Structures are given as structure tokens and as C-alpha cells.
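Engineer: Below are the chains, spelled out letter by letter.
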Amino acid sequence: MTTTTSNTNISFAETLPALFTAQFGNSGWPGRKTALERFQALGGIPTVKTEDWKYTNVVPFFKNGLSIALPETPAITAQQLEATGLLLPDTYRLVLVNGVLQSALSILPPATQVTVARLSEAASQPAYAQYFNKSKKLEEHHFAQLNTALFNDGLFIEVKAKAQVEQPIHIIHLYHNNGNLLVNPRHLWVAQEGSEAKLIESAAAVGTTGTVLVNSVAEAVVTERAQLSHYQLQTGGAGLRFINQTLVEQMGKSLYNNYTFTLSESDLVRNNLNISLDAERTETHLYGFYIAAGSQLVDNHSSVDHRMPHCESNELYRGVMMDKATGVFNGKIFVHEDAQKTNAFQQNNNLVISPSASIYTKPQLEIYADDVKCSHGTTIGQVSEDALFYLKARGIGDAEARNMLVKAFAFDVTAQVKIPAVRKQVEQIASRYLSVATNN
Amino acid sequence: MLNIKNLHAAVEGNAILKGINLNVKAGEVHAIMGPNGSGKSSLASVLAGREAYEVTEGSVDFDGKDLLDMSPEVRAREGLFLAFQYPVEIPGVSNINFLKTAVNEVRAYHGQPPMQAKAFLDMLKSKQKLMEFDANLMNRSLNEGFSGGEKKRNDIFQMAMLEPKLAIMDETDSGLDIDALRIVSAGVNKLRGKDNAFIIITHYQRLLEYIVPDFVHVLYNGRIVKSGTKELALELEEKGYDWLKEDIRLEEPVQ
Amino acid sequence: MSAEQDILQELAGRDYEFGFETQIEMDIAPPGLNEDIIRFISAKKQEPEWLLEWRLKGFQLFQKLSMPTWQNFKLPEVDFQGVSYYAAPKNQVKYNSLDEVDPELLATFAKLGIPLEEQKMLSGVAVDAVFDSISVATTFKAQLHELGIIFCSFGEAVQEHPELVKKYLGSVVPQADNIYAALNSAVFSDGSFVYIPKGVRCPMELSTYFRINAKNTGQFERTLIIADEGSYVSYLEGCTAPMRDENQLHAAVVELIALDDSEIKYSTVQNWYPGDADGKGGIYNFVTKRGICKGKNSKISWTQVETGSAITWKYPGVILQGDNSIGEFYSVAVTSKRQVADTGTKMVHIGKNTKSRIISKGISAIHGQNTYRGLVKVGPNATNARNFTQCDSLLIGDRCGAHTFPYIESKNNTAMVEHEATTSKIGEDQVFYLNQRGIDNEQAVNMIVNGYAKEVLNQLPMEFAVEAQKLLSITLEGSVG
Numbered sequence: 001m002t003t004t005t006s007n008t009n010i011s012f013a014e015t016l017p018a019l020f021t022a023q024f025g026n027s028g029w030p031g032r033k034t035a036l037e038r039f040q041a042l043g044g045i046p047t048v049k050t051e052d053w054k055y056t057n058v059v060p061f062f063k064n065g066l067s068i069a070l071p072e073t074p075a076i077t078a079q080q081l082e083a084t085g086l087l088l089p090d091t092y093r094l095v096l097v098n099g100v101l102q103s104a105l106s107i108l109p110p111a112t113q114v115t116v117a118r119l120s121e122a123a124s125q126p127a128y129a130q131y132f133n134k135s136k137k138l139e140e141h142h143f144a145q146l147n148t149a150l151f152n153d154g155l156f157i158e159v160k161a162k163a164q165v166e167q168p169i170h171i172i173h174l175y176h177n178n179g180n181l182l183v184n185p186r187h188l189w190v191a192q193e194g195s196e197a198k199l200i201e202s203a204a205a206v207g208t209t210g211t212v213l214v215n216s217v218a219e220a221v222v223t224e225r226a227q228l229s230h231y232q233l234q235t236g237g238a239g240l241r242f243i244n245q246t247l248v249e250q251m252g253k254s255l256y257n258n259y260t261f262t263l264s265e266s267d268l269v270r271n272n273l274n275i276s277l278d279a280e281r282t283e284t285h286l287y288g289f290y291i292a293a294g295s296q297l298v299d300n301h302s303s304v305d306h307r308m309p310h311c312e313s314n315e316l317y318r319g320v321m322m323d324k325a326t327g328v329f330n331g332k333i334f335v336h337e338d339a340q341k342t343n344a345f346q347q348n349n350n351l352v353i354s355p356s357a358s359i360y361t362k363p364q365l366e367i368y369a370d371d372v373k374c375s376h377g378t379t380i381g382q383v384s385e386d387a388l389f390y391l392k393a394r395g396i397g398d399a400e401a402r403n404m405l406v407k408a409f410a411f412d413v414t415a416q417v418k419i420p421a422v423r424k425q426v427e428q429i430a431s432r433y434l435s436v437a438t439n440n
Numbered sequence: 001m002l003n004i005k006n007l008h009a010a011v012e013g014n015a016i017l018k019g020i021n022l023n024v025k026a027g028e029v030h031a032i033m034g035p036n037g038s039g040k041s042s043l044a045s046v047l048a049g050r051e052a053y054e055v056t057e058g059s060v061d062f063d064g065k066d067l068l069d070m071s072p073e074v075r076a077r078e079g080l081f082l083a084f085q086y087p088v089e090i091p092g093v094s095n096i097n098f099l100k101t102a103v104n105e106v107r108a109y110h111g112q113p114p115m116q117a118k119a120f121l122d123m124l125k126s127k128q129k130l131m132e133f134d135a136n137l138m139n140r141s142l143n144e145g146f147s148g149g150e151k152k153r154n155d156i157f158q159m160a161m162l163e164p165k166l167a168i169m170d171e172t173d174s175g176l177d178i179d180a181l182r183i184v185s186a187g188v189n190k191l192r193g194k195d196n197a198f199i200i201i202t203h204y205q206r207l208l209e210y211i212v213p214d215f216v217h218v219l220y221n222g223r224i225v226k227s228g229t230k231e232l233a234l235e236l237e238e239k240g241y242d243w244l245k246e247d248i249r250l251e252e253p254v255q
Numbered sequence: 001m002s003a004e005q006d007i008l009q010e011l012a013g014r015d016y017e018f019g020f021e022t023q024i025e026m027d028i029a030p031p032g033l034n035e036d037i038i039r040f041i042s043a044k045k046q047e048p049e050w051l052l053e054w055r056l057k058g059f060q061l062f063q064k065l066s067m068p069t070w071q072n073f074k075l076p077e078v079d080f081q082g083v084s085y086y087a088a089p090k091n092q093v094k095y096n097s098l099d100e101v102d103p104e105l106l107a108t109f110a111k112l113g114i115p116l117e118e119q120k121m122l123s124g125v126a127v128d129a130v131f132d133s134i135s136v137a138t139t140f141k142a143q144l145h146e147l148g149i150i151f152c153s154f155g156e157a158v159q160e161h162p163e164l165v166k167k168y169l170g171s172v173v174p175q176a177d178n179i180y181a182a183l184n185s186a187v188f189s190d191g192s193f194v195y196i197p198k199g200v201r202c203p204m205e206l207s208t209y210f211r212i213n214a215k216n217t218g219q220f221e222r223t224l225i226i227a228d229e230g231s232y233v234s235y236l237e238g239c240t241a242p243m244r245d246e247n248q249l250h251a252a253v254v255e256l257i258a259l260d261d262s263e264i265k266y267s268t269v270q271n272w273y274p275g276d277a278d279g280k281g282g283i284y285n286f287v288t289k290r291g292i293c294k295g296k297n298s299k300i301s302w303t304q305v306e307t308g309s310a311i312t313w314k315y316p317g318v319i320l321q322g323d324n325s326i327g328e329f330y331s332v333a334v335t336s337k338r339q340v341a342d343t344g345t346k347m348v349h350i351g352k353n354t355k356s357r358i359i360s361k362g363i364s365a366i367h368g369q370n371t372y373r374g375l376v377k378v379g380p381n382a383t384n385a386r387n388f389t390q391c392d393s394l395l396i397g398d399r400c401g402a403h404t405f406p407y408i409e410s411k412n413n414t415a416m417v418e419h420e421a422t423t424s425k426i427g428e429d430q431v432f433y434l435n436q437r438g439i440d441n442e443q444a445v446n447m448i449v450n451g452y453a454k455e456v457l458n459q460l461p462m463e464f465a466v467e468a469q470k471l472l473s474i475t476l477e478g479s480v481g
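Just so you know, the protein sequences line up as chains A, B and C, in that order. Numbering-wise (the UniProt record's numbering), the first sequence opens with residue 1 and increments by one. Numbering-wise (the UniProt record's numbering), the second sequence opens with residue 1 and increments by one. Numbering-wise (the UniProt record's numbering), the third sequence opens with residue 1 and increments by one.
I should point out that these hints are in silico values taken from the structure, not numbers from a laboratory. Computed from a prediction, not measured in an experiment: that's the story for all the values here. Take the hints with a grain of salt, since some may be wrong.
To give an idea of the chain C side of the interface with chain A (calculated C-beta under 10 Å), a few residues [as the list claims (entries may be wrong)]:
| no. | residue |
| --- | --- |
| 1 | E49 |
| 2 | T69 |
| 3 | P380 |
| 4 | C400 |
| 5 | Y407 |
| 6 | V417 |
| 7 | T422 |
| 8 | P461 |
Listed below are several chain C residues computed to face chain B (Cβ distance under 8 Å; list not exhaustive) [claimed, not checked]:
| no. | residue |
| --- | --- |
| 9 | K166 |
| 10 | K167 |
| 11 | Q436 |
| 12 | G438 |
| 13 | D440 |
| 14 | Q443 |
| 15 | I448 |
| 16 | N450 |
| 17 | Y452 |
C-beta: ideal position from N, C-alpha, C; glycine also.
Please construct the entire structure, taking both the sequences and the accompanying hints into account.
Structural biologist: Listed below in C-alpha cells is the structure:
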């Protein structure tokens with residue numbers, strides 16, 4: 001059963017209460033209703049008048065009679081999965097279709113190390129009770145509230161205390177629909193004390209005729225001395241649009257690394273990455289690389305909240321803007337009053353390689369403690385003329401020289417990837433895009 | 001002039017000096033040697049009054065006054081000068097303005113009127129010549145963009161300007177090439193006199209070939225474990241510090 | 001207790017040096033804001049009908065506009081009806097020499113360390129002294145007149161050069177730009193007007209001292225500076241205000257117009273009453289300043305040293321319309337006690353080969369909150385646009401704040417934009433180094449801060465640089481320096 005608005009010109013926000021009632025009725029978990037009210041109190045779908053959405057107009061994406069009811073999950077074959085080209089060797093594999101875990105297609109990590117469950121079946125887990133829907137920044141995000149009101153399912157992962165999970169856990173999000181669907185996957189990932197794990201996320205559309213707008217929320221909790229590396233490989237196809245909320249809470253002496261690579265054909269990718277450093281001596285590294293081409297809009301918002309002393313965070317995001325695309329970077333370092341001895345750095349570099357592309361960047365520091373070392377830097381520019389000349393003087397043609405330099409710019413970030421297969425895949429996809437760009 | 005008795009000090013709760021005794025008289029040059037981490041630079045920092053160092057026991061008498069009771073600037077005004085191991089860069093503060101301020105602060109402390117611009121410039125010029133200090137460096141920001149050698153020479157030049165009673169040279173030779181070492185040492189030798197004293201902290205014997213000490217002390221694990229004359233420095237050069245550790249059977253060195 | 005805390009306490013306890021009130025008879029409009037008051041102001045100033053209409057339009061816009069919500073501080077409630085919108089010294093006479101000026105007024109300036117006569121004789125600065133709202137003394141007029149330079153009060157310009165005023169008034173800062181600009185355009189009291197004719201290089205720094213005086217009088221200056229083709233002018237604006245318990249609103253508008261090949265250098269030293277250590281009193285300084293490089297090869301340079309006011313809220317900007325034009329912004333903002341500064345610039349690149357440079361140095365002490373907020377915007381036709389921005393923040397004490405919010409927007413693939421920002425504590429090693437040379441904490445901090453701000457202070461004309469250094473010392477006196 002799908003509930004679709006009959007008039008495609010009516011905005012989603014107006015029809016939302018009816019959609020909500022049709023889908024969830026008035027019973028069930030009361031948190032949904034609260035979130036819906038909060039979403040409406042925040043003003044519903046944000047417009048460009050909302051500071052955080054100043055450069056990213058999502059209103060048009062909510063106009064085409066979006067459905068929120070999931071279609072029946074089609075049987076996805078191993079061949080179809082293979083054909084996505086996303087598979088990585090030597091990984092555990094969790095395949096989700098429209099947010100629902102498909103055990104048959106998955107290769108689970110050993111239960112002694114990791115608990116994996118559908119979120120909808122995880123309510124009895126103590127970690128669920130402790131952490132689900134508790135992230136500090138949830139309240140501030142329009143779309144996190146929308147997700148909380150509407151989420152259907154998602155992935156619960158708990159890495160057990162002291163477990164050293166050798167192989168990466170590869171989460172493959174597949175989306176399928178025949179109309180226009182809003183899907184709200186909801187995840188909770190907990191790395192228990194002293195554990196070590198790597199999560200890789202990939203996404204693809206399978207057999208979709210319409211578009212799927214994915215509004216996901218992932219809450220990740222990295223507890224004491226745990227280490228979590230999190231790769232978000234956004235290489236999905238044209239039929240997918242993304243609004244991602246990733247909310248990470250770090251406890252004492254924990255390490256969290258995030259790698260977000262946006263190399264897709266999606267019209268819209270908006271990432272909200274929020275890191276909350278809740279205890280002393282944490283370490284955080286955020287790496288991002290994005291290519292915006294065609295008329296794409298790629299928007300990376302991040303915030304790092306230093307709440308406690310002696311924490312270190314480091315952020316490097318780079319982007320290449322081509323065609324008529326728009327890139328947005330907004331990164332905030334927030335140092336709270338008691339977070340003395342904070343070291344926080346942020347760097348955003350952008351290459352704009354076609355005349356009609358735009359970039360909007362807003363690095364921010366908000367600092368209420370004095371014994372800190374914080375800095376940010378941002379650049380907008382082109383490949384260095386000196387470097388170009390140098391290469392040409394060695395006999396390399398213009399296009400090839402540019403290509404080399406753009407790749408060098410990108411690969412500074414991808415070189416940070418610690419999993420060789422991931423790095424290879426990302427660089428191959430990036431090369432494909434960049435070669436097209438620089439040969440035009 | 002300087003009388004250190006049973007001096008104990010700690011940084012963030014870690015004991016770093018564990019009972020130093022040292023007596024320095026006017027006209028003397030004392031060398032303090034020792035392996036890395038033995039507490040040499042800590043001693044310099046404690047004497048100059050760096051905040052992170054907490055004196056837990058002992059006393060330091062400086063010309064009849066309690067040195068430990070004074071703020072860092074008062075110690076400086078009383079005539080204690082520290083040549084830094086790593087002189088600090090202060091962007092935008094001109095070397096000359098800084099020196100003028102410092103000289104006049106010291107004068108004011110001793111009840112003397114500030115120096116007139118002309119007298120100050122004359123003094124500046126004569127000391128520049130004496131110390132072979134590049135006049136161009138005078139107009140630049142304090143140590144900003146100076147090479148390691150230039151910074152050290154600037155410190156020695158400041159010493160000439162401030163005319164301290166006691167100069168503590170904290171590894172002044174580190175990072176200096178042979179020419180700079182010669183110039184710095186020559187400067188120090190010119191400033192030596194019967195009314196002032198020097199404490200030369202160094203890891204190597206090399207500097208002591210140029211500035212010949214009256215006494216040599218070996219600092220190890222926060223204590224002076226051996227004292228002697230300049231011959232001790234040669235012995236250390238030859239044998240290293242290990243024989244001392246065995247001989248004296250000391251505890252493990254502090255971090 | 002650490003040495004730093006000693007300094008902070010001393011700073012907090014320091015009183016405003018320039019807090020006194022001059023007793024001069026005032027001609028004051030009753031408090032309140034309505035069309036009648038605007039008609040009263042306009043009539044008092046014997047303004048032409050078109051200007052009254054313009055004011056009334058500003059008032060209508062003011063009523064429609066709402067308060068901004070994006071700022072990083074709590075906006076105090078301003079009772080617009082509690083403000084008197086007109087205050088002028090009585091017995092308005094035009095003076096031929098300073099001897100004829102009320103001696104008490106002259107004494108006021110003397111207390112501020114800016115005696116007119118001495119300035120006049122020693123520095124060669126023409127001083128148009130604005131005491132509250134009305135010009136009372138203008139010097140060097142004859143010399144400027146010979147060159148065809150117009151330097152007069154805004155009111156006088158309305159009477160004598162209406163065509164210039166009409167052409168440029170509101171052309172850079174539209175009345176609807178923001179609510180305070182709208183308010184100013186409705187009730188502006190007086191201010192300065194400068195016109196530099198073609199090819200003329202103004203031989204002296206033009207200087208105006210503004211001073212808020214009478215109780216409950218808001219200040220709404222309006223400044224308009226036009227540099228015609230190939231001309232040059234350097235304009236200095238300096239402010240001090242007497243101590244006062246009620247908050248006072250200051251909402252000025254400054255418009256600069258640079259035509260082909262001309263250059264305008266605008267320098268400000270702002271030292272209004274910042275309020276006491278608990279945040280009581282102090283000036284609200286909500287100013288709209290903007291210049292346009294209208295002509296090719298033109299240049300506008302803003303330099304500001306902001307040490308006063310309870311809240312400083314301003315973004316002097318440059319619209320780089322002419323090809324090859326240059327915009328610059330150099331700023332030092334110091335906040336101590338409970339002061340708030342939210343300041344920065346807007347560089348809007350429209351023409352080809354336009355360049356902008358932004359150097360901002362923020363210093364926060366005690367409970368001061370200092371925000372750099374800036375916009376660098378490169379339009380699609382601004383081929384080869386270049387921007388360099390450096391924002392540094394220095395923190396003194398663990399209860400102050402430093403914030404950096406740059407907006408960078410580029411729609412041109414030949415543009416190069418570079419932004420860097422750093423935030424750190426005052427260097428303990430640096431303080432110790434200076435201590436070890438006999439310099440005490442307060443003086444050490446002072447030296448370090450002045451060194452830190454040097455790149456900006458160097459942009460000021462000599463006389464101003466000295467005053468600015470003094471102000472940094474006073475504000476940080478105690479604070480740092």
C-alpha cells in the first residue's frame with residue numbers, strides 16, 4: 001500500500017500530518033508524535049531563509065507527491081548486488097533494502113564480537129535503551145526530527161567490549177521504488193569499551209523507476225577507549241537524493257575517524273555530521289572529498305563540539321566543482337567553556353574548474369575557553385599555474401597536466417584511507433569523474 | 001651571590017629537582033653538565049621563576065634576598081638573567097622598543113631615571129659593536145624570523161645591555177654552528193668580570209673550550225652528583241655519563 | 001592566584017578614563033519617534049521638501065523592518081520611543097575662530113587629549129568637531145576651499161550642495177538595508193560631508209571627532225564622502241563618550257563613493273563608554289558603513305580600532321564594482337569586561353580583476369565576546385577576483401570568547417579566495433620571556449597585544465596610531481597592556 005498525495009503541487013509539509021496518521025495512526029511509540037511536533041515547531045521543511053539551509057534549497061525536492069510508505073521489498077539477487085559494483089573483498093556484509101536488513105544477502109560478523117539486528121527488533125537490547133534517540137543535536141535538525149517521526153527501520157550494530165573486529169563491516173544500502181519515495185532509515189551503532197571496528201557504508205538504487213529521497217539518521221556512540229572508523233562512500237546513482245544526519249558521541253579516550261566521499265550522480269547530497277566530544281582525551285579525524293558535477297548540489301555541514309578538556313579534532317575537506325554544480329561547505333568548531341587544552345583544526349579547499357559552478361564555504365570557530373589552539377583555513381581557486389607550467393615544461397599536455405593536478409589535489413585526502421580496497425575503489429571513481437572534467 | 005640549599009622542585013606533581021646545593025660567588029663561572037633529562041634546564045627555569053615549576057623544598061638566596069619569593073620580573077630586575085634555550089618570537093614587538101622598556105624597567109627598580117633616547121642609542125651602538133651584533137636585527141620584531149644563531153646572539157646582546165649580576169645560560173650552544181658559538185662565547189668572555197657570575201648549562205664540553213669555567217658540576221636525576229674543576233668536563237667528554245651512573249648507583253633517571 | 005588573574009582583576013576594576021559630562025545648554029526634542037518628530041527635525045534644520053520626504057520614507061521602512069536574528073549575542077531591547085532624536089547646542093553661531101567657541105566645550109576636548117588648537121597647529125589636521133549632533137567648529141576650511149574640496153557638516157551640505165547630496169545619499173546604503181539604517185535615514189541628526197574634486201589629492205587628513213554627550217540623546221550621524229575621478233582623501237573618525245548609566249544607542253550610516261582612479265582611506269578609532277565591569281551602561285554602536293568602488297582602478301580602505309561600546313555591531317564593506325578596484329579592511333577589536341563586538345566586513349566582487357584584503361585581529365579579555373563575521377562574495381562576472389583574509393583571535397582569561405564566522409561565496413572559476421583564522425591564548429612563553437627581562441605582566445601583555453595588532457595599527461595615520469595604541473593600553477590596561 002502506498003499513500004500518495006493526489007495533487008503533486010501541494011507541498012509535502014502540508015500533507016505530512018495526514019500521511020503520518022495514515023502510516024502510524026495515533027498509537028505506537030510516542031516519540032514519533034513528539035518529533036513530528038518538533039519538526040513542525042522548527043518550521044517544517046527548511047527554506048533558504050533558515051541559516052543552515054541558506055545555500056541549499058530542498059523545497060523543490062519535497063514537491064512531487066512523495067510517498068512515505070515503503071513498497072514491498074523486491075527479491076534482490078546476488079547478481080544484482082554484484083552489478084552495483086560496490087562489493088569490497090574481505091569484508092563482512094550487511095545488505096539493506098530501503099533500510100531493512102536482508103539476511104540472505106549478508107555476511108554477518110561473528111556474534112561473539114558484534115551484535116547485528118534490525119533496528120525494529122533491537123528494542124530489547126540494553127544499548128538501545130541507553131542510546132537510542134539520545135544524541136544531543138537531534139533536536140536541532142529539521143530532518144532528524146522528520147526521520148524520528150517517520151523512520152521505518154534500520155540497522156542496530158553493537159561492537160562488544162574489547163572486540164577487535166579485523167574485517168571491515170560493509171553496509172550496503174539499496175533503495176528501490178516505482179514512484180517517488182521518501183525513505184527514513186534509522187541506525188544506531190555502538191562501539192563498546194575498548195573495541196575496534198571499521199564501518200563502510202555504500203548506497204545504490206536497484207530497479208528504481210522514480211526517485212528516492214533518503215533521509216537517514218545514524219547515531220553512533222564511541223564509548224571509552226573504543227576506536228571506530230566510519231567510511232561513507234556516497235557513490236549512488238541518479239535516482240537517489242540524500243539528506244544524511246550522522247550524530248556521533250565520543251567518550252573518554254575514544255577515537256573516531258570519518259571519511260565522507262561524495263562521488264555520485266545524485267541531484268542532492270546533504271551531509272550533516274555532528275561530533276560531540278563528551279569526555280576528556282578524545283581524538284577525531286574527519287576527512288571529506290566531494291565532486292559536484294552537472295547541476296548537482298553537494299553540501300557538507302559538520303560540527304565538532306568540544307565539551308571537555310584535552311580533546312583533539314582535525315578536519316580536512318576538499319572539493320571539486322564542475323559544470324553547473326554547487327558545492328557547500330559549512331564546518332563549525334565549537335569549544336565550550338570548560339574545554340581547555342583543546343586542539344582543533346579545520347581545512348577546506350575547493351577547486352572550481354568550470355565557469356558556471358559555484359562554491360559557498362563557511363568555516364566557523366566559536367570559542368569560549370582560552371587555553372586552546374584552534375584554526376581554520378579555506379581556499380577557493382584553480383590548479384596552480386606554476387605547477388601546470390612545470391608539468392608542461394616536462395612535455396606533458398595541458399589536459400593531462402590538469403588532470404594530474406586535480407587528482408593530486410583529491411588524492412591528498414583519499415590517501416588518508418586506511419583500507420586499501422576502499423581507497424582503490426574511491427580513487428577509481430574519482431578518476432573517472434575528474435578525467436571527464438579536465439578533458440572537457 | 002647565589003646560594004642554593006637543598007632545592008626540590010616538581011612539575012605537575014613529578015619531582016624534577018631532588019635536593020640541589022650550589023654556591024656561586026661573584027667572579028665565578030660554573031658549568032652544569034649532565035645527560036638529557038637530568039634536570040639542568042629545570043634548574044634554570046626554577047631560578048628564573050617559571051610558573052609551571054613548583055618549589056617543594058629548600059631555599060635560594062640571591063645577594064641576601066630570598067629569590068624564590070620574587071616574581072620573575074623582580075628576579076630579572078635584581079640582576080638575574082636567563083639566556084633561553086629557545087628564545088621566544090614575539091611578532092610586532094620591535095627589538096629596540098622591547099630593550100628600551102626592559103632597560104628602563106630595571107633602572108626604575110633601582111631608583112634611576114629612564115635613559116634619554118640619545119644615551120640609550122649610544123649604549124646600544126657600543127654594545128652592538130662589542131657583541132658583534134647585526135644592527136639590522138635591532139629594528140625587526142623580537143626574534144621573529146631570526147635564525148637559531150641570531151636568536152641566541154640576540155639573547156647575549158640583551159645580556160650586555162642589561163648588565164646582570166648573574167647570567168644563567170641554558171644550553172646556549174645548542175643549535176649553534178662553530179662561528180656563532182665563537183661569537184657568542186667571545187661576547188660572554190667580554191662580559192666576565194669580578195662582580196658578576198655565570199652559570200653555564202650545557203650538554204657538551206665544546207662550549208667550555210671557549211668559556212672556561214672555574215667549576216664543573218654534574219647533574220644527574222635531579223641532584224648534583226659530582227663537582228670538580230674544568231678537567232671534569234674533559235673526563236665527561238671522554239667517558240660519557242654512563243660511568244657516573246654505575247659509580248654512583250643512582251636511581252633511574254627522571255623523565 | 002596567577003599573575004594573569006591579577007591583571008584581569010585590575011583590568012576589571014579600571015574605570016573609564018573619559019567619563020565626564022559637559023554642562024552646556026541643550027535644545028532637546030522630547031523623547032519619542034513619530035512623523036511629527038521627523039518633521040520637527042527637518043524643520044529645525046531647514047531642509048528642502050525632498051529630504052523630508054526621504055526621511056519619512058525611511059521612517060515607513062523602519063516600521064516595516066524587523067530586528068535581525070542572526071547575531072551571536074543577545075540583542076538588548078531598545079526603547080525607540082524613549083530616545084530623544086534631536087539635541088543641539090543652543091546659541092548656534094558660526095565661529096570664525098576657536099576663541100569664540102564655548103570654553104567649556106574646548107575644555108572637554110582638552111580632557112580627551114585632542115585639543116583643537118594644538119591639533120590645528122601641530123598636526124595640520126582640519127578638525128570638524130561634532131559635539132553631539134551639530135558642527136560647532138570647522139577649521140582649515142579656507143585652504144580646502146581653494147582646492148575645491150568640500151568638507152562640511154551634513155546639514156550645511158544639504159543647504160549648499162543639494163545636488164551632490166541628492167545624487168549620492170542612500171546610493172550605497174539603501175534605506176531598507178537594515179532596520180538601523182532605516183532609522184538613521186529617518187532621524188539622522190548631522191554628520192560630515194566630503195567631496196574631493198577630480199584629480200585633487202587632499203593635502204591633509206580630514207578628521208571629525210564625534211562625541212555623545214547629553215543624556216538620552218541617540219546619535220544618528222550620516223556621513224557621505226565622494227572622491228571624484230583621480231582624487232585621494234584620508235578621513236579619520238574618532239570617538240570618545242562620557243560615562244553614563246543608561247544605555248545609549250548609536251546608529252550611524254557612512255557612505256563612501258570612489259569614482260575612477262580615486263582612493264578613499266577611512267580610519268576609525270572608537271572608544272565609547274563600554275559599560276562597567278558588570279555590563280551596566282555602555283553604548284550600543286550599531287553602525288552601517290559601506291563604500292562603493294564605482295569607478296575602475298578605485299580603492300577604498302577601511303581601518304578600524306574598536307575598543308569601546310558595550311556592543312559594537314558593524315561591517316564596513318566595499319562593493320567592488322569598477323574593474324581593477326581594490327577593497328581593504330583592517331580591524332582591531334578589543335572586548336573586555338562584558339563588552340560584545342560583532343564586526344567584520346563585506347567584500348562584494350562585481351568587476352573584473354578586483355582585489356580585496358581583510359586583516360582582522362580580535363582580542364577578548366575577562367568576559368568580552370568578540371566575533372568576526374564577514375562576507376566575501378565573488379559574482380559570475382568578477383573574472384580574476386582575488387581575496388585574502390586573515391582573522392586572528394587572542395584570548396586573555398578563561399571566561400571570554402572569540403568567534404569567527406566567515407561567509408565565502410564564489411560564482412566564478414577564475415577567482416582565488418584564501419581565508420585563514422587562528423584562535424589562541426596569549427603566549428605564556430612570551431609573557432615569561434618579557435618578565436625575565438624585567439618587564440611586568442601588564443606591560444608584557446600590552447607589548448604583545450600591540451605587536452599582535454601592529455599590522456592593522458600600521459595602516460593608521462601617525463597621530464591616530466599613537467592614540468590607538470594608547471587606547472589599546474587603556475582598554476587592556478589592566479587588560480593586557
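Engineer: None of the hints should be skipped; say for each whether it holds.
Structural biologist: Here is what the structure says about each hint:
no., hint, result
1, E49, "violated (38 Å)"
2, T69, "holds (9 Å)"
3, P380, "holds (8 Å)"
4, C400, "holds (7 Å)"
5, Y407, "holds (5 Å)"
6, V417, "holds (4 Å)"
7, T422, "holds (4 Å)"
8, P461, "violated (32 Å)"
9, K166, "violated (45 Å)"
10, K167, "violated (43 Å)"
11, Q436, "holds (5 Å)"
12, G438, "holds (4 Å)"
13, D440, "holds (5 Å)"
14, Q443, "holds (7 Å)"
15, I448, "holds (6 Å)"
16, N450, "holds (7 Å)"
17, Y452, "holds (6 Å)"
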